[in-house]
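Engineer: Given next are the chains, with one letter for each unit.
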Amino acid sequence: MMTSTILLIFLSFCIGTGVWLFFLYAVKKGEFDDIEGPKYRMLDDDDVEEKTKDDEVGKL
Amino acid sequence: MTVIKELTCDHCAEPFSPAELVTDEIAGTTRNFCCYGCRGAYLIIRGAGLEHFYQRPDRQAGTLKEAFNLRFDEAYLARFVRHHESADEISLIVDGIRCASCIWLIERLLQKLPGIISVRVNFATHRVLIRFAGADISAAAICRKLADIGYLARPYSLDELQQSAHREMRSLLMRFGTAVFLTMQLMGFSLALYAGYFKGIDLQTKSMLEYFAALVTTPVVFYSGYPFLRGAWVSLRNHQPNMDLLIALGTLCAYFYSLYAMMTGAEVYFETAAMIITLILAGRLIEAGARRKAAAGIDRLLKLAPARALRFEHGSWSEVDSRELLPGDMIQLKAGDRLPVDGIVTRGTSEIDEAAVTGEPLPVFKECGDPVVSGTLNLNGTIEVKVTSAAAESFLARMTAIVEQAQSDQAPIQRLADRVAGVFIPIVLLIAAGTFIYWHLRDGAALLNAVSVLVVACPCALGLATPTAVMIATGRAAEAGVLFRGGDILEAASGISHLAFDKTGTITIGRPHVVGITLSHGTQQQLLQGLADVEAGSHHPLARGILKEAAQHGIVPKPVDRSTTHTGLGIEAWQGNTHLIAGNRRFLKEQGIDLPQTAGAGRSEVHLALDGRYIGLVTLEDEIRPDAQQMFNDLNRRGYTSVLLTGDREDVARRICSLLAIDTWHAELTPEQKALQIDALTPAAVMMVGDGINDAPALSKATIGCAIAGSTDIAVESADLILTRPHLANIPFALHLAQKTLVNIKQNLAWAFSYNLIAIPLAASGMLAPVYAAAAMAISSVCVLLNSLRLKRQGHLP
Numbered sequence: 043m044m045t046s047t048i049l050l051i052f053l054s055f056c057i058g059t060g061v062w063l064f065f066l067y068a069v070k071k072g073e074f075d076d077i078e079g080p081k082y083r084m085l086d087d088d089d090v091e092e093k094t095k096d097d098e099v100g101k102l
Numbered sequence: 002m003t004v005i006k007e008l009t010c011d012h013c014a015e016p017f018s019p020a021e022l023v024t025d026e027i028a029g030t031t032r033n034f035c036c037y038g039c040r041g042a043y044l045i046i047r048g049a050g051l052e053h054f055y056q057r058p059d060r061q062a063g064t065l066k067e068a069f070n071l072r073f074d075e076a077y078l079a080r081f082v083r084h085h086e087s088a089d090e091i092s093l094i095v096d097g098i099r100c101a102s103c104i105w106l107i108e109r110l111l112q113k114l115p116g117i118i119s120v121r122v123n124f125a126t127h128r129v130l131i132r133f134a135g136a137d138i139s140a141a142a143i144c145r146k147l148a149d150i151g152y153l154a155r156p157y158s159l160d161e162l163q164q165s166a167h168r169e170m171r172s173l174l175m176r177f178g179t180a181v182f183l184t185m186q187l188m189g190f191s192l193a194l195y196a197g198y199f200k201g202i203d204l205q206t207k208s209m210l211e212y213f214a215a216l217v218t219t220p221v222v223f224y225s226g227y228p229f230l231r232g233a234w235v236s237l238r239n240h241q242p243n244m245d246l247l248i249a250l251g252t253l254c255a256y257f258y259s260l261y262a263m264m265t266g267a268e269v270y271f272e273t274a275a276m277i278i279t280l281i282l283a284g285r286l287i288e289a290g291a292r293r294k295a296a297a298g299i300d301r302l303l304k305l306a307p308a309r310a311l312r313f314e315h316g317s318w319s320e321v322d323s324r325e326l327l328p329g330d331m332i333q334l335k336a337g338d339r340l341p342v343d344g345i346v347t348r349g350t351s352e353i354d355e356a357a358v359t360g361e362p363l364p365v366f367k368e369c370g371d372p373v374v375s376g377t378l379n380l381n382g383t384i385e386v387k388v389t390s391a392a393a394e395s396f397l398a399r400m401t402a403i404v405e406q407a408q409s410d411q412a413p414i415q416r417l418a419d420r421v422a423g424v425f426i427p428i429v430l431l432i433a434a435g436t437f438i439y440w441h442l443r444d445g446a447a448l449l450n451a452v453s454v455l456v457v458a459c460p461c462a463l464g465l466a467t468p469t470a471v472m473i474a475t476g477r478a479a480e481a482g483v484l485f486r487g488g489d490i491l492e493a494a495s496g497i498s499h500l501a502f503d504k505t506g507t508i509t510i511g512r513p514h515v516v517g518i519t520l521s522h523g524t525q526q527q528l529l530q531g532l533a534d535v536e537a538g539s540h541h542p543l544a545r546g547i548l549k550e551a552a553q554h555g556i557v558p559k560p561v562d563r564s565t566t567h568t569g570l571g572i573e574a575w576q577g578n579t580h581l582i583a584g585n586r587r588f589l590k591e592q593g594i595d596l597p598q599t600a601g602a603g604r605s606e607v608h609l610a611l612d613g614r615y616i617g618l619v620t621l622e623d624e625i626r627p628d629a630q631q632m633f634n635d636l637n638r639r640g641y642t643s644v645l646l647t648g649d650r651e652d653v654a655r656r657i658c659s660l661l662a663i664d665t666w667h668a669e670l671t672p673e674q675k676a677l678q679i680d681a682l683t684p685a686a687v688m689m690v691g692d693g694i695n696d697a698p699a700l701s702k703a704t705i706g707c708a709i710a711g712s713t714d715i716a717v718e719s720a721d722l723i724l725t726r727p728h729l730a731n732i733p734f735a736l737h738l739a740q741k742t743l744v745n746i747k748q749n750l751a752w753a754f755s756y757n758l759i760a761i762p763l764a765a766s767g768m769l770a771p772v773y774a775a776a777a778m779a780i781s782s783v784c785v786l787l788n789s790l791r792l793k794r795q796g797h798l799p
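These protein sequences, in sequence, are chains A and B. For the first sequence, position 28 (counting from the first letter as 1) is numbered 70 according to our numbering, and the numbering increases by one without interruption. For the second sequence, position 301 (counting from the first letter as 1) is numbered 302 according to our numbering, and the numbering increases by one without interruption.
The shape of chain A in the complex, shown without the other chains (with noise of 0.2 Å):
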């Protein structure tokens, strides 16, 4: 009972430092830098080609 209660407790402990670590070196990474542009890219196509030209006029 004892030790279950022990190993549970530093399993959180371990998890939990885990994801903070995690953190830290998404922060280092720059995944924080630009929190506007994923939403946007989410939407993009990756193999659509030939719409540049469709992209232009669609700038007026």
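Derived from the structure by calculation, the hints contain no laboratory data. Nothing false has been slipped in among the hints.
Taking lysine-lysine pairs in the DSS-like style, the calculated list, with each CA pair at most 27 Å apart, reads:
1) B:K793 with B:K741
2) B:K590 with B:K559
3) A:K81 with B:K113
4) B:K146 with B:K113
5) A:K71 with B:K113
6) B:K793 with B:K747
For this one, chain A is given, so just place chain B on it according to the hints.
Structural biologist: Coordinates of chain B only, in the frame set by chain A:
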């Protein structure tokens, strides 16, 4: 030798092979197209009366390319390339990014070039970070490719200040993240310890939980809390107690006492220390975000001035850094160039688009001797300009300085909190010391009681009083479409008594449309046709209104042979042998045309005469926003004074004011005069509502500047308050919310103080064990939070 002129399409301006030629006879001239699609697009654009699209500077690819290419000097760009082991890297600021499609296009297009490793466009700042292999492609080639598709790229190097601001933001985020993750862990341990305190727990488990708690609290106090500790140290050295000192004292006390308690087997209060730091860091992070947005605005304002200029030296034109330009230098500007500095035209004529700086929508014709202003755009001719002020003293630099100054002022609420702390801390310290000495003499639990005093006096509720209310109110406002840029703005908004409004684009929609046609001679068809022909090339909003009306009647404008624009008056044009005059009443009178008297009721009129014979006029009206009436009713009912400040004519202003029951108006104002009018209203707290960069000085000058959705970038960035939806009714709502928030903050502060007033004596008299003191402190914080949360339910006006 014969030169074969390359065929270019009249729509897309791309060269193509003669085999694909599609021709069409349009309005008397033969047009060449590369395909039927382009022909179709041309007809649609022409049919909509938008022919001047083809005269737009950004359309004239040839001239633009020429102007852009000058800048991409290999040696100059090389200075901005950073070399890493795996790749080279360059940061560019790209002009012309307007929407997500632009980002898509830039990223895809560059990625296809050989040697490009990665391209990342930052949507918010318009910065592009490119990693490439220097051996395969040069920085200049990348810029040229971008110029080919119509984006002007400039190298960008973060200056010292921006770099440190960026680092600061990142470190704040890391400190806050650390605090959040570790405090969440800590809460688990603390919950178990609290349960153990009331229900019983074996000593072994208790001490293990305490060790874990100490382990996660240590980084929160010393890493996340470092800014407070440093601030406290500085304030101690300067003998000026501030909020940081109070926070540091509270956390360190709780932390070290807990360590001591852990050794001696008493109760620990690690969560007190961690919670204070986490919550206050959250407030700081929100504030830093708002400030960063403001800094981006200044960046964009400066971006209007190009970094390079063509200067005449030693008998030829050579490219120099704009910052090196001195008064007296001669510089040359081609079509599509922006002015880097202020100056006077010495050779050539051109139309200058001043919209970005003065808000005047009509391009202004400039010739020898006319002054030109930095940041404006040279539209069609090549001109030579004599520099009158260095870049650092130019109009743009002065505007930037005004905006920067306005934004860097410290929030008054923060100053108040510091003043309070200055009195509060010494008193608390004295009481704690007194408690210790008193109980020590009486052989009581001296240390425990002293800690109780410090814990119960912990500034949590005091520290939370303002940020939580501000946070929740700004959140509620954002939901409704109102953006407050910081807590100080909320506070200032609650004290507003006067409101000043810009007219065009703020109270009105800014797109005049035809409301009446009056004929003297000829037919309606003739009138609209004539006006459409003359106005087809104009960018003036009135011209657009007329062209739209003409298009609705199925009229396609015919090109004119020659036309002269008389600024502020009208246009004169020749079409074969026909002489057309279109413009305002004064202009036609000056041209010797006899016109009948009409009741000009504050509307814009455009008259037309053909070969000296008066045809008639169209009346245009700029539509008032549908909720303007409602807003002014609300404002009047609540006792605000409204003023209209417009660059438009007196009679137009008068009509709008009588329609909307506005108290006073000032017409025919320049941007500087608008700012002066704001000054004249002080010491009353004034809110200026505007949309153009011509309002920017007034927006900065006013106690609060409010920009409306659809405003120019500069207006938005120099504003303190932004309506993200064009609902004028949100203005009274914002003011009301601000007042409610201030009341809420005062309630919070009053609660926090009265709580201290009761709890500190209890703790000092030894009636409050630290564990109850901590609980009482938590309850106090919860009360403050709950009170602040009431703002979330703040509905629209009662």
